[in-house]
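> Note that the protein sequences, when read in sequence, are chains Z and D. For the first sequence, position 69 (counting from the first letter as 1) is numbered 69 according to my numbering, and the numbering increases by one without interruption. For the second sequence, position 127 (counting from the first letter as 1) is numbered 1127 according to my numbering, and the numbering increases by one without interruption.
Hint data in this document are derived by calculation from the structure and do not stem from the laboratory. Even glycine gets a Cβ: it sits at the ideal position worked out from N, Cα and C. Incorrect hints may have been included.
[As the list claims (entries may be wrong)] One side only, chain D facing chain Z, incomplete, derived with CB under 7 Å:
1. Gly1034
2. Lys1041
3. Thr1045
4. Leu1142
5. Gly1155
6. Val1158
7. Ala1162
8. Gly1248
9. Ser1249
10. Gly1253
11. His1254
12. Glu1256
[Unchecked claim] When the alpha-carbon atoms are kept at most 20 Å apart in a straight line, the in silico SDA-like pairs for lysine to any residue are as follows:
13. D/Lys1262 - Z/Pro78
14. D/Lys1210 - D/Pro1197
15. Z/Lys224 - Z/Ala20
16. Z/Lys262 - D/Tyr1263
17. Z/Lys262 - D/Val1047
18. D/Lys1083 - D/Asp1063
19. Z/Lys262 - D/Ser1105
20. D/Lys1262 - Z/Ala241
21. D/Lys1227 - D/Arg1200
22. Z/Lys262 - D/Lys1210
23. D/Lys1262 - Z/Asn55
24. D/Lys1210 - D/Ala1194
25. D/Lys1227 - D/Ser1042
26. D/Lys1227 - D/Asp1026
27. D/Lys1227 - D/Arg1244
28. Z/Lys262 - D/Ser1042
29. Z/Lys262 - D/Lys1227
30. Z/Lys262 - D/Arg1048
31. D/Lys1262 - Z/Ser261
32. Z/Lys262 - D/Arg1154
33. D/Lys1227 - D/Pro1023
34. D/Lys1262 - Z/Tyr263
35. D/Lys1262 - Z/Ala44
36. Z/Lys262 - D/Leu1021
37. D/Lys1227 - D/Ala1044
38. Z/Lys262 - D/Arg1200
39. Z/Lys262 - Z/Gln52
40. Z/Lys127 - Z/Pro78
Protein chains: 2
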Amino acid sequence: MIGIFDSGLGGLTALCELAALLPHEDMIYFGDTGRVPYGSKSEATIVRYSVQDMNFLCGFGIDAALVACGTASSTALPTLREKFDIPVFGVIEAAAREAAATTRSGRVGVLGTSTTVRNGAFERAVKDADMSVEVTSVACPLFVHLVENGFIERGDAVTLAAAERYLAPLRGSGIDTLILGCTHYPIISWAIEAVLPGVRLISSGEAAAKMLASELGHGGGDGKQGKIRFFVSDTPDDFEAAARVFMGSFPIGHAEYVDISKY
Amino acid sequence: MIGIFDSGLGGLTALCELAALLPHEDMIYFGDTGRVPYGSKSEATIVRYSVQDMNFLCGFGIDAALVACGTASSTALPTLREKFDIPVFGVIEAAAREAAATTRSGRVGVLGTSTTVRNGAFERAVKDADMSVEVTSVACPLFVHLVENGFIERGDAVTLAAAERYLAPLRGSGIDTLILGCTHYPIISWAIEAVLPGVRLISSGEAAAKMLASELGHGGGDGKQGKIRFFVSDTPDDFEAAARVFMGSFPIGHAEYVDISKY
């Protein structure tokens, strides 16, 4: 059984990828919708929240965890790996390796929340994969909110204007590969592509799901279909509609409420 | 001593107004920056958080409280008034009365978060003040994030595009008065005015501060200057810079951290 958590629902993009790769695996998803977003909060607060999220998931006896949140991955991963005795995957390493292997120009961009960009975790991971690659990181704190508030239709003028503002420093920078360092961003990849045409986008959630599947995959199990349970820290009334944005045609069950402050 | 809380820092606009009207009064401000925003969360969660916020403030022996958050006021006020034995002011009543008294066309608009608009608290309060007034409410969930992420300069293209989208239903609706039902919105009133020129804007935080001051004011005290203490639930490192957006030239001290989930 794999546990997956995110500050909210963006991590569902990684869950879908993982469920496609490991269809026999049981999974528990926790979205901290009662305290979302993490990306504008301090590192100490993000670490505290992430430990609670893991405590909750570990109560189910999970064998491995995916921190499907760029902010939590960039901030809390060392603490989580120290505190918990199971493999803990983040969304940074796989995307960084894929970006370093993909770039031809030797220049990679990273988009993330304020906290993710400030702590430089993606930048370090790309350098770890290939010291010669130059990395330019840009914080795009409004993107999460544009996605969560439905500014996601292709061509949306508000989202395009925000993308133009945020991505201006990357124009003409010579990057040919761009890491989407937050699991919300794939939903508005059309806006990023409009501003930076021809640049290869790497979804950090998707890359992490592939890496986790290849490390844990045991060849399809016994043919049974894995069960997926969803938990959230806000009232789950609108869960299915909200999750649809991230999960497309994937079947979505209801979600259960958990008071995460007790963990 | 007056206690003031908000989901984040928007309530500081009301605090400044109150401090100007009651300069001798001691005040405690709590901003729930570790769980901001409230406006997109469920009513049950908002009530739970608001009760914790009040529990914290009441530990200081406050004589009255101002819920300087449109979302919390529209959702939690009845519960807070029942649970706590001091006067609890929200930001709805004063703004609603002022709007009903101001309108000449008999048509008033309300801007608020999703939760505030869904529960219709401002609408009911305007009707309570004057049954004949027609009210049109519009949810503007992105506005809080535009303010918190610095899209506040007069003429900002992203904020203008968002204002045009949200306010379209109010164009040609005949409203001449518009309640800013969230204490963040006065910071981008220029964008609202650009889309709806000539409409009179009423700041709910300012209106509430005036009402509270006139009900509690005792003529200037003994000339001493009141003390203001600030508490937040996220790490307070960047408090002063973040608060400056809302407080202008008002003197800002440092903020202290509180683990609000314990209350």
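> Hinted pair, alpha-carbon criterion (20 Å max): lysine 262 of chain Z, glutamine 52 of chain Z. Please report holds or violated.
Cα-Cα ~8 Å, so holds.
> Does alanine 1162 of chain D hold up as a contact with chain Z if the rule is Cβ-Cβ below 7 Å?
Hint on alanine 1162 of chain D: holds, closest Cβ of chain Z at ~5 Å, below 7 Å.
> For the pair supplied as a hint, lysine 262 of chain Z and arginine 1048 of chain D, confirm whether the alpha-carbon distance does not exceed 20 Å.
Holds: lysine 262 of chain Z and arginine 1048 of chain D sit about 14 Å apart, inside 20 Å.
> Would the pair lysine 262 of chain Z and valine 1047 of chain D pass a check requiring their Cα atoms to be no farther apart than 20 Å?
holds, 17 Å
> Compare the distance between the alpha carbons of lysine 1210 of chain D and proline 1197 of chain D with 20 Å, and conclude whether the hinted pair is satisfied.
Not OK: lysine 1210 of chain D and proline 1197 of chain D at ~25 Å, beyond 20 Å, violated.
> When you check the alpha-carbon spacing of lysine 262 of chain Z and tyrosine 1263 of chain D, does it fall within 20 Å?
Holds, at roughly 12 Å.
> Would the hint linking lysine 1210 of chain D and alanine 1194 of chain D be met if the CA-CA limit is 20 Å?
Judged against 20 Å, a Cα distance of about 27 Å means the pair is violated.
> Holds or violated: lysine 127 of chain Z with proline 78 of chain Z, Cα cutoff 20 Å?
holds, 18 Å
> Holds or violated: glycine 1155 of chain D as interface residue toward chain Z, Cβ cutoff 7 Å?
violated, 12 Å
> Between lysine 262 of chain Z and arginine 1200 of chain D, is the straight-line Cα distance small enough, at 20 Å or below?
violated, 46 Å
> Is the Cα-Cα distance between lysine 262 of chain Z and arginine 1154 of chain D 20 Å or less?
Violated. Lysine 262 of chain Z to arginine 1154 of chain D sits at ~43 Å, over the 20 Å cutoff.
> Does alanine 1044 of chain D sit within 20 Å of lysine 1227 of chain D, going by the straight-line distance between their CA atoms?
violated, 34 Å
The structure shown violates the earlier hints numbered 5, 8, 9, 10, 11, 12, 13, 14, 19, 20, 21, 22, 24, 25, 29, 32, 36, 37, 38.
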